[in-house]
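Colleague: Anchor point for the sequence shown: position 78 equals 165 in my numbering, and the numbering is continuous, going up by one each time.
Careful, some of the hints might be misleading.
Below, computed lysine-lysine pairings styled on DSS-like, alpha-carbon distance capped at 27 angstroms [said to hold, decoys possible]:
1) 139 with 99
2) 91 with 128
3) 216 with 91
4) 91 with 236
5) 236 with 99
6) 128 with 236
7) 99 with 128
8) 216 with 169
9) 236 with 216
10) 139 with 128
11) 139 with 176
12) 169 with 128
13) 216 with 99
14) 216 with 128
Calculated from the structure, these hints are not laboratory results.
Bear in mind the structure is a predicted one, so any value in this text is a computation, not a measurement.
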Amino acid sequence: MAEKIRVLLSEKEVDARISAIGEQISRDYAGRQVHLVCVLKGGSFFMCELAKRITVPVSIDFMSVSSYGGATKSSGVVKIVKDLDEPLKDKDVIVVEDIVDSGRTLSYLLELLQQRGPRSLALCTLLDKPDRRVIDVNVDYTGFEIPDKFVVGYGLDYNQRYRNLPYIGVVEID
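Could you build the full structure based on these sequences and the hints that come with them?
Modeller: In structure tokens form, the structure reads like this:
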């Protein structure tokens, strides 16, 4: 089996939307510092571009959770692979994710992070797939709502490949 990648969102579209989200976050957090928590690995591409576009002070940390393994659908079993390096107490935290799919992983993660005492906790995702939602999660900042297709690029992968594509593409398997 071979896969083909069809462009869903161009590099220009993604760049423009990230700029708009950065401007919105900067307005919403005017006079404060935001602490971005990147969900690795996919969220790193998005978070780096987003952080460059936020005009209020920014600090960052990284967390790795897994619920996919090598599959194209979430298993529903969430495993913390790498925890945060810094405490969240009294910080304005924005979790930065590449995609919100079933909601299982994010629901678990947001509940876990809320227990760590942040002043505020928000969720920012590049892509949202509401048709796949199993558990409702509140997404505060959304780049794009997309259909229920398996996508890659801009940090999203298929078996660790295609993360480096500068656009969002749909995987079509022959």
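Colleague: Indicate, hint by hint, whether the structure satisfies it.
Modeller: Hints versus structure:
no. : hint         : in the structure
1   : 139 with 99  : holds (16 angstroms)
2   : 91 with 128  : holds (22 angstroms)
3   : 216 with 91  : holds (21 angstroms)
4   : 91 with 236  : holds (13 angstroms)
5   : 236 with 99  : holds (21 angstroms)
6   : 128 with 236 : holds (20 angstroms)
7   : 99 with 128  : holds (22 angstroms)
8   : 216 with 169 : holds (25 angstroms)
9   : 236 with 216 : holds (9 angstroms)
10  : 139 with 128 : holds (18 angstroms)
11  : 139 with 176 : holds (24 angstroms)
12  : 169 with 128 : holds (11 angstroms)
13  : 216 with 99  : holds (21 angstroms)
14  : 216 with 128 : holds (19 angstroms)
When each numbered hint is compared with the structure, no violation occurs for any of them.
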